[in-house]
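Working from the sequences, and respecting the hints, build out all of it.
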Amino acid sequence: MNNFIELTNISKHYGDKVVLERMTTQIAKGEFVTLVGASGCGKSTFLRLLLGTELASSGAITIEGELIEKEPSSERGIVFQKYSVFPHLNARQNVALGIEFERSVGLGRLFGAKRKDAIDIADAWLEAVGLSSSAELYPHELSGGMQQRLALAQALVKKPKILLLDEPFGALDPGIRKDMHELVLKLWQENQLTVFMVTHDLKEGFHLGSRLWVFDKRRNDPHAPNRFGSTITFDIPLNAQNATRNHQDLEAIKSEMHIVSTT
Amino acid sequence: MNNFIELTNISKHYGDKVVLERMTTQIAKGEFVTLVGASGCGKSTFLRLLLGTELASSGAITIEGELIEKEPSSERGIVFQKYSVFPHLNARQNVALGIEFERSVGLGRLFGAKRKDAIDIADAWLEAVGLSSSAELYPHELSGGMQQRLALAQALVKKPKILLLDEPFGALDPGIRKDMHELVLKLWQENQLTVFMVTHDLKEGFHLGSRLWVFDKRRNDPHAPNRFGSTITFDIPLNAQNATRNHQDLEAIKSEMHIVSTT
Amino acid sequence: MQRLINRSPSRPLRIALSIIPFVLILLTYQISSGMRKAENEQDKLLPSFTEIASAIDRMALEPSKRSGEYLFWRDTQSSLSRLVKGVSIAAFIGLIVGLAAGAIPLIAAPLKPLITAVSLIPPLAILPVLFIVFGLGELSKIMLIVLGVSPFIVRDILQRTQELPREQLVKAQTLGGNSWQIILRVILPQILPRLIDAVRLSLGTAWLFLIAAEAIASTDGLGYRIFLVRRYMSMDIILPYVAWITLLAFATDWLLLQLSRFIYPWYHSEK
Amino acid sequence: MQRLINRSPSRPLRIALSIIPFVLILLTYQISSGMRKAENEQDKLLPSFTEIASAIDRMALEPSKRSGEYLFWRDTQSSLSRLVKGVSIAAFIGLIVGLAAGAIPLIAAPLKPLITAVSLIPPLAILPVLFIVFGLGELSKIMLIVLGVSPFIVRDILQRTQELPREQLVKAQTLGGNSWQIILRVILPQILPRLIDAVRLSLGTAWLFLIAAEAIASTDGLGYRIFLVRRYMSMDIILPYVAWITLLAFATDWLLLQLSRFIYPWYHSEK
Amino acid sequence: PFTSPAAHAQQQDQFSLCWSIYVGWMPWEYGDSSGIIDKWADKYGIEINVVQINDYVESINQYTAGQFDACSMTNMDALTIPAAGGVDSTALIVGDFSNGNDAIILKEGSTLQDIVGQSVNLVELSVSHYLLARALDSVGLSERDVSVINTSDADIVAAYTTSDVTAVTTWNPLVNEILSMPAATKVFDSSQIPGEIIDTLMVKTDVLQANPNFGKALTGAWYEIMAAMENSEEVRAHMGEASGTDQEGYEAQLASTRMFYSPVDAVAFVNSPELKATMEYVADFSFDHGLLGDGASDSGFIGIETPAGTFGNANNVQLRFDPSFMEMAVAGTL
Ligand SMILES: Nc1ncnc2c1ncn2[C@@H]1O[C@H](COP(=O)(O)OP(=O)(O)OP(=O)(O)O)[C@@H](O)[C@H]1O
Ligand SMILES: Nc1ncnc2c1ncn2[C@@H]1O[C@H](COP(=O)(O)OP(=O)(O)OP(=O)(O)O)[C@@H](O)[C@H]1O
Ligand SMILES: [Mg+2]
Ligand SMILES: [Mg+2]
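Residue numbers (this note's numbering), protein chains in the order written: chain A, 78 to 340; chain B, 78 to 340; chain C, 7 to 277; chain D, 7 to 277; chain E, 2 to 335.
Simulated from the structure, these hints should not be mistaken for lab results. Take these hints with a grain of salt, some might be off.
[Stated by the list, open to error] Pairs of lysine to any residue residues, derived as SDA-like cross-links and limited to a Cα-Cα distance of at most 20 Å, are as follows:
# : chain 1 : residue 1 : chain 2 : residue 2
1 : C       : Lys43     : C       : Ser54
2 : C       : Lys71     : E       : Ser300
3 : D       : Lys118    : C       : Leu10
See the structure below:
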């Protein structure tokens, strides 16, 4: 169970700009990794490497011992801050799409009994995320929070091994966020997911994660800010029990991050 | 000093939709009012009434006993979350613009010694917000935090009596936010401003304000959500000394708001 | 006193204001026409409103002596049918090519410079070449419209396709879609309302090319009639025809917008 | 194997791919031309490349016997000068009217419906009236371009002005600006780069109207020459002229883009 | 600009003339660029502005709308556009008539009868249309036996190369271009109705009456140009190039044009009774095709004055053939 995902010496640079630098780590199956760090430090880039939309400049990523697929695939689900759902489909169709892709290779569209089947599955997932009563609504008729619920249902219908969340609640209200936290934790536990979630909110990171990563540059050359990249500077195992420990960590990282982000 | 701003029975509706309902309150000179509340509850609408870009549907707002001007004017400065600075002007020009408007009625542009003068004032304000070294840069060359600093300098150059801030740090990183808090508090004290600041971050509201308002609907008709509007449901005087009291309030409001935003 | 940039006219004032320029234009016309008529009773350049009315009557309400047809309606029908065919073909080409190139980088590479070049060629200047390819019948008129507007539509659709949020395509891939499925179920349905937008934008050009095409070789159509009666300067026919074309252009644009609002409500509330 | 929508060609491949269609077109032309020549040696419709080269030589490199001028260059100069004048005037009108209507609601109210109507009138259909209003000199040609493109530019600038973030105008007012100052210092400078965009978009139409105008009343210009030799079907002259127009259109577009990038770097990095 | 020069023209010393590119009107270009027209204008103390308009119909429209005092056009267009539009016009100079310049060409078939049932591409309501009507008439056919497709003159050569087009009626240089193509048989041309398609310079009657010097200057200049043209290859080469071809091409067009190089011939032509008969044909054709306006009750609605007598309504004379200025040229009194 321990080496579900392995990163070996991963680096990523765009041209001259080094974004990520020599990251080596392992992630166990079922972990909930939260990623925090200053803006532009490479959190989304890291998710893109896991997702397969970007290739690492050097190093290797393996999942269950196999090199990662170089393209997004249905074993890795994703929810972005925005644009994660399709505006031209209603909630039910949004969720059913993943099933239709799988069961109708030619048209990506099911009819008759097969369609009925897909709708049933979709409705079950809408239920799971609390959107049963909004199945016929289009995304523009849903609030921001409901859209993100929908995006989660849509991703989970494919039963991904890994779920990647890039600031999924960044655009939501604090009040609504709390509900979403509960939902994500519930889904994580029920579906035995391995989750990577980027957040700007340290407290959120501590609250949700089973493990928290802080991304930062270990070295900094003030005359050539692009020369060095970020890596995981803190890797903190978390659990709901030792809340005090967590609180101390929170304060420590807060002051640390403050320094980082203003230099 | 007590009745610097007076609101008497202010309501605002758009067509059938009631946004704000019978608000009556007074604000003393030099207060720092922070406004929190669910999304869409009317916080920005309230700022727009103070700003003069919207007229109240009923009721009256007075400043120093006089009815509020029905248009934005230089006695009320504003900083929005975005678009507060002019992309075609560099930092110095952005700040100098307010002076140029005042001193060159025809062209809104100064030359020669007058220009020199305006630049000196602008540079002093850039210094005050910590942008001295970026005077020649255009907004697109500045980070989000620097742009908001610039927006503050730009507003303060007109020496407004009232400063309105509509989620000024909503798009910034937590790390950077902290610096901005310090800056705003410094500017507030140094310039004897009366500040209204909308925020989504309750903690920010408690940390910065001398008085915190929670906007919410007092009544709710589930079948006609537009029938009733928001008003100030909590009006909490704050000060740095009684931090415990503040903390209790925070928790109380948090659970309260949670209910509000999910109904 | 509010600033000028803050003052909006009330609804009745706005309506009044928007009518004024048209009234002024009609008045100017009537006066100019009257002046010319005073000099030469038979002046044809600026016919009086009565003359225009009688011309409309003759063209639209009485059967032609020669063919027994109501010329005005026949012209309208022919022109509209050409316009619809031409624009439909152009829209179809625009959709297929624009979508393919927008979605598949390997297709965009060879096509983009070609489309740019083609869109810059003035079609009216190479008419003879078009004739040998498409002949001189209905086809050539329709093809002139197609050539006139499809480069624009292709470019527009290509750009709109590339503007779709990257996130959506990534998401669709994580849902297991292959390229074809993603194009069919994610890109195409979102591009259709944008195609309507593109068509609306290109209608003006389409009319221009339609009129030009009908001037080249034709036996009916609004453009044909205008060019034919130009031979004896019947402005009493030309002016109502031009007004009619303007109205038709306006109506088609409006109808397309309503259609789009009706079929794609999600698109219009998105913006 | 990557999905088709994810596969991008490498730079050299892209260049190769983009050249292919042009090569294919030239080849098709050469073969068709050869086939027609085989049938009728005198065929003028698809002249051989040698014939085209000799026509270019004649028009561009040898002085005309009649006037001693290098016709090709004189035509280019006349057309470009008309185009520049026409487009400049249209841009100026578009800027003033579009900005005024976009910034001041009281001006937009009467103008918007009028502009919509005017933009829908096909100018080619009312040529006689235009020529009488503007005469037949240089002015009429320039005015036809102006009439053809200014409605578009006016509408575009109007829309762009209204699209400027409301927040900016509010902010400018809190800085004490009056309407005139705000227009001058906040709106105008931000609209100028958008004006360049609008001009770039309207260049194609401008060329269309230039060619049409030159075909009707002119004694020189690229459109005039094409019109003049068309009755002899001298495709050996028409084709290089068309290619040249295409190239000029491309070059003007490119130059405007570079100019805009150079003067308004903030505009281009904003997007 | 909407007001035309006063209907009852007064004396003026600035005049304008428009012309379009056609074999019989290229002399105006030569007269303008060689300075001959200026010379004659100076002689009479006036100024003449010569303007080239590429689009023939546009030039007549502009003349009819009052933008020009004189314009080159055919006898038929003079009747159907300015005269029918109430602009009383006088044929000051009769320069030539078409003697083969206008022709009917078939792709398949060798005689006019073969045209039955075909579509004929031509400029509708133009002299080509008239020629077709006259030709059909001459062999006992009528317009009903063919169908007419209005085709812009600028495109007619290219149109002929397509398989859609099997028959055309058009004028030179288009006729020569089309005849140079493989399948093209001329089955009828204007030499078979000689003197019916006449190229003239029309002047507004009131302007001419108030300003005889304008007429004198133009006539004087014209016949000086005619002399140069008749005698100098160089002049003809110049005209050829100005019309977009070369000397050879231009000479080919001249060959089918009966130029009146000498005023004597022109005067004789105008004075002959055939002119009146010709105009009657033209008026009939125009009336049949609705070209004389809504008010016209018969082909004589518009009076046409010729030296041999007036055709039609003498109270509504709008078109006049007046040889008096050309006679001055004969007499050498210009
Ligand atoms: N395609 C690209 N080409 C060049 N540089 C890139 C590219 N994508 C990202 N970058 C750069 O890489 C760095 C990291 O970007 P990334 O989006 O991963 O940051 P992030 O940590 O997600 O920031 P944020 O919190 O703002 O989302 C940034 O400086 C960005 O400018
Ligand atoms: N011009 C308008 N016309 C109609 N309704 C409006 C208008 N402006 C705002 N509203 C409505 O008024 C309500 C309050 O809007 P407002 O922007 O003040 O909310 P807010 O509290 O600032 O929300 P947020 O936190 O999302 O910024 C919303 O429901 C909005 O839809
Ligand atoms: Mg990111
Ligand atoms: Mg708000």
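Checked against the structure, which of the hints given earlier come out wrong? none
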